[in-house]
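2 protein chains.
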Amino acid sequence: MSNREIQLVERPVGAPTHEHINIAETERPEPKQGEVLVKLLYVSVDPYMRGRMSDAKSYVAPFQLNEPMEGGVVAEVVESKSEALASGDIVTGMLPWQEFTTADPTTLRKIDPSLGPVTTSLGILGMPGLTAYFGLMDIGQPKQGETLVVSGAAGAVGSAVVQIGKIEGCHVVGIAGSDEKLAYLKDELGVDEVINYKTDDVPARLDEACPNGIDIYFDNVGGEISDAVYPRLNKFARISQCGAISTYNTPNAQGPRMQSHLIKASALVKGFTVGDYQDRFSEGFQYLSQKLQEGRLTYEETIIEGFENVPDAFFGLFEGTNLGKQLVKVAEPSHS
Amino acid sequence: MSNREIQLVERPVGAPTHEHINIAETERPEPKQGEVLVKLLYVSVDPYMRGRMSDAKSYVAPFQLNEPMEGGVVAEVVESKSEALASGDIVTGMLPWQEFTTADPTTLRKIDPSLGPVTTSLGILGMPGLTAYFGLMDIGQPKQGETLVVSGAAGAVGSAVVQIGKIEGCHVVGIAGSDEKLAYLKDELGVDEVINYKTDDVPARLDEACPNGIDIYFDNVGGEISDAVYPRLNKFARISQCGAISTYNTPNAQGPRMQSHLIKASALVKGFTVGDYQDRFSEGFQYLSQKLQEGRLTYEETIIEGFENVPDAFFGLFEGTNLGKQLVKVAEPSHS
Numbered sequence: 001m002s003n004r005e006i007q008l009v010e011r012p013v014g015a016p017t018h019e020h021i022n023i024a025e026t027e028r029p030e031p032k033q034g035e036v037l038v039k040l041l042y043v044s045v046d047p048y049m050r051g052r053m054s055d056a057k058s059y060v061a062p063f064q065l066n067e068p069m070e071g072g073v074v075a076e077v078v079e080s081k082s083e084a085l086a087s088g089d090i091v092t093g094m095l096p097w098q099e100f101t102t103a104d105p106t107t108l109r110k111i112d113p114s115l116g117p118v119t120t121s122l123g124i125l126g127m128p129g130l131t132a133y134f135g136l137m138d139i140g141q142p143k144q145g146e147t148l149v150v151s152g153a154a155g156a157v158g159s160a161v162v163q164i165g166k167i168e169g170c171h172v173v174g175i176a177g178s179d180e181k182l183a184y185l186k187d188e189l190g191v192d193e194v195i196n197y198k199t200d201d202v203p204a205r206l207d208e209a210c211p212n213g214i215d216i217y218f219d220n221v222g223g224e225i226s227d228a229v230y231p232r233l234n235k236f237a238r239i240s241q242c243g244a245i246s247t248y249n250t251p252n253a254q255g256p257r258m259q260s261h262l263i264k265a266s267a268l269v270k271g272f273t274v275g276d277y278q279d280r281f282s283e284g285f286q287y288l289s290q291k292l293q294e295g296r297l298t299y300e301e302t303i304i305e306g307f308e309n310v311p312d313a314f315f316g317l318f319e320g321t322n323l324g325k326q327l328v329k330v331a332e333p334s335h336s
Numbered sequence: 001m002s003n004r005e006i007q008l009v010e011r012p013v014g015a016p017t018h019e020h021i022n023i024a025e026t027e028r029p030e031p032k033q034g035e036v037l038v039k040l041l042y043v044s045v046d047p048y049m050r051g052r053m054s055d056a057k058s059y060v061a062p063f064q065l066n067e068p069m070e071g072g073v074v075a076e077v078v079e080s081k082s083e084a085l086a087s088g089d090i091v092t093g094m095l096p097w098q099e100f101t102t103a104d105p106t107t108l109r110k111i112d113p114s115l116g117p118v119t120t121s122l123g124i125l126g127m128p129g130l131t132a133y134f135g136l137m138d139i140g141q142p143k144q145g146e147t148l149v150v151s152g153a154a155g156a157v158g159s160a161v162v163q164i165g166k167i168e169g170c171h172v173v174g175i176a177g178s179d180e181k182l183a184y185l186k187d188e189l190g191v192d193e194v195i196n197y198k199t200d201d202v203p204a205r206l207d208e209a210c211p212n213g214i215d216i217y218f219d220n221v222g223g224e225i226s227d228a229v230y231p232r233l234n235k236f237a238r239i240s241q242c243g244a245i246s247t248y249n250t251p252n253a254q255g256p257r258m259q260s261h262l263i264k265a266s267a268l269v270k271g272f273t274v275g276d277y278q279d280r281f282s283e284g285f286q287y288l289s290q291k292l293q294e295g296r297l298t299y300e301e302t303i304i305e306g307f308e309n310v311p312d313a314f315f316g317l318f319e320g321t322n323l324g325k326q327l328v329k330v331a332e333p334s335h336s
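Going line by line, the protein sequences match chains A and B.
Numbering of the first sequence is given in UniProt numbering, commencing with residue 1 and proceeding in unit increments.
Numbering of the second sequence is given in UniProt numbering, commencing with residue 1 and proceeding in unit increments.
Just chain A, same shape as in the assembly (with noise of 0.2 angstroms):
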């Protein structure tokens, strides 16, 4: 019965590439008693994997070399020593990156595929919402009539900060990499004014996109895009730290030093991570879910097939490549 994995065999200094990862072929495990094997559907990839891929002090400990990596997936059960799961069950959870695995039911979320597509427990209903909602709604505090911006605006964190945003009333500036993302921004997310990083000039555009200053700024990209933003932060405005993909790859990175503009504008800048808002996640479910239903909210998912590509499905996140949530397909499920 074969199996493959999807090993880190050298910690990247730059950006990560083929060289430092290896696609193995395993044996399929038993699940022991009290256990069971899941076969994987759906891979998430996600930029803060890439810290995981170092071995520098960090909220998650690094991967181990050898050995797979891992994150959120969607998996079905396909052979079950638990009285908690059954063969056929859709479960979501952190697993290792083995087409076939085995977990302990305690670490898996059962999802009920009526409820609507199960890609949405690694989207809008998991962590990438749930990313955006505390990030945005704890450090942002976002009041009517504020104007937001967003960096990393179209992807699967951005795409719903600035559709809260709305929901909250603010005037919402989104930032990003294409004119397909800006068009999706604009027209599909009704976000007030878009910004292409790679062609326009983003001081003079955040000048025109925000006539009254910076009240909140969702950050996931740091490097020049902040640059930008910082000095045009208002009086007691909120950075919601929530990523830097654009210098993961390159941490020595330089830039200007931010500390007098926090100063002047009496600024706050929280970084998190959404592990920190783990006693508050039911909140955060229930009204990312409810503006689900209402149709307030809506997502996008970029989705590639074969467990194969799930590295380059990974690097892809670096070139933004993706529009919203970024997935792969794995495999169908075997009961449907």
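These are computed hints drawn from the structure, not numbers from a lab.
Ideal placement from N, C-alpha and C gives every residue a C-beta, glycine not left out.
It cannot be assumed that every hint is accurate.
Said to hold, decoys possible - In silico contact screen, one side only, chain A against chain B (beta carbon under 8 angstroms); selected entries:
1) LYS186
2) ALA253
3) GLY255
4) SER266
What the hints assert, rightly or not - Pair by pair, the computed Cβ-Cβ distance ranges are:
5) B/ARG11 with A/GLU67: 55 to 65 angstroms
6) A/MET94 with B/PHE281: 44 to 54 angstroms
7) B/ASP227 with A/SER2: 23 to 33 angstroms
8) A/GLU19 with B/ASP179: 29 to 39 angstroms
9) A/GLU10 with B/GLY190: 47 to 57 angstroms
10) A/ASP201 with B/GLN290: 51 to 61 angstroms
11) A/PHE281 with B/GLY190: 41 to 51 angstroms
12) A/ILE304 with B/ARG11: 48 to 58 angstroms
13) A/ASP201 with B/GLN293: 56 to 66 angstroms
14) A/MET94 with B/ASP227: 53 to 63 angstroms
Claimed, not checked - If you want a taste of the chain B side facing chain A, the calculated C-beta under 8 angstroms gives, among others:
15) ALA244
16) GLN259
17) LYS270
With chain A fixed as given, assemble chain B onto it according to the hints.
Leaving out everything else, chain B in the frame of chain A:
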């Protein structure tokens, strides 16, 4: 009746020097009905004034060219056309740098010299003390046993912060630029660990001085000292961004990007100025004067004499020549 004033005549790009300043002979103004004529006794020089010498957007309006600079002073009323104040009263307020100047009494606060040295109204019981109190207590949120690192620790604000940190039960690490300052911090203020940023290996000393990481960073200086602190932040660390004096004269200074550190630690950075806490000044004043009376808070002043030396006293802040509050004694009170 002769008078002198200190004018800004050119906006500095780098370090401010005598080139940018003119001491002009002028005439003593006449108080209008309802005003008072005051004689400056003490002039406060503070790092934030560097910002007002530039015309960039900031939290306080820039100084006007060929007009007197201004700041916190202690002064004596020498002629009163108001019932609110009498000749001989000692007052504090924000006034132009003119040896004799007129003022609206409602912009001044009368000091009772019998309660202690009048200079404390420019230091521990004035803006620097309140800055220390609110920046540490409101943003830093110190908890018993936490590690607090303070840069610019021997200055007017820093020396109050380290003492409040000790009162609140923190392990306090002070960073300053001379052995005299380190001895003061350790021997007089009871700071647990001290680091000389000019002669010590700051990252290595931080590792030694902060075996449990850094929970709170009260930052007066920015620059390379902050670069060494950020990678050592504990989960949910708080950075009180009070100043960034190391960069005030080099606004285009580059440094390592900090966003990833903030994300890894879920850390908060909050810029502020003491004016943000105007509604709570009495709370801060009460805390500071109580601790001062109890002998749990002490302070140091560096006083140079002569109105014509105000510019040098100000320039010296950027060299770190001051221990505690830097003041200039301009005149003796007429009645005392």
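A quick look at each hint next to the structure:
no., hint, in the structure
1, LYS186, "violated, 27 angstroms"
2, ALA253, "holds, 5 angstroms"
3, GLY255, "holds, 5 angstroms"
4, SER266, "holds, 5 angstroms"
5, B/ARG11 with A/GLU67: 55 to 65 angstroms, "holds, 59 angstroms"
6, A/MET94 with B/PHE281: 44 to 54 angstroms, "holds, 49 angstroms"
7, B/ASP227 with A/SER2: 23 to 33 angstroms, "violated, 50 angstroms"
8, A/GLU19 with B/ASP179: 29 to 39 angstroms, "violated, 51 angstroms"
9, A/GLU10 with B/GLY190: 47 to 57 angstroms, "holds, 50 angstroms"
10, A/ASP201 with B/GLN290: 51 to 61 angstroms, "holds, 55 angstroms"
11, A/PHE281 with B/GLY190: 41 to 51 angstroms, "holds, 44 angstroms"
12, A/ILE304 with B/ARG11: 48 to 58 angstroms, "holds, 56 angstroms"
13, A/ASP201 with B/GLN293: 56 to 66 angstroms, "holds, 58 angstroms"
14, A/MET94 with B/ASP227: 53 to 63 angstroms, "violated, 33 angstroms"
15, ALA244, "holds, 4 angstroms"
16, GLN259, "holds, 4 angstroms"
17, LYS270, "holds, 5 angstroms"
Against the hints set out earlier in the document, violations occur for numbers 1, 7, 8, 14.
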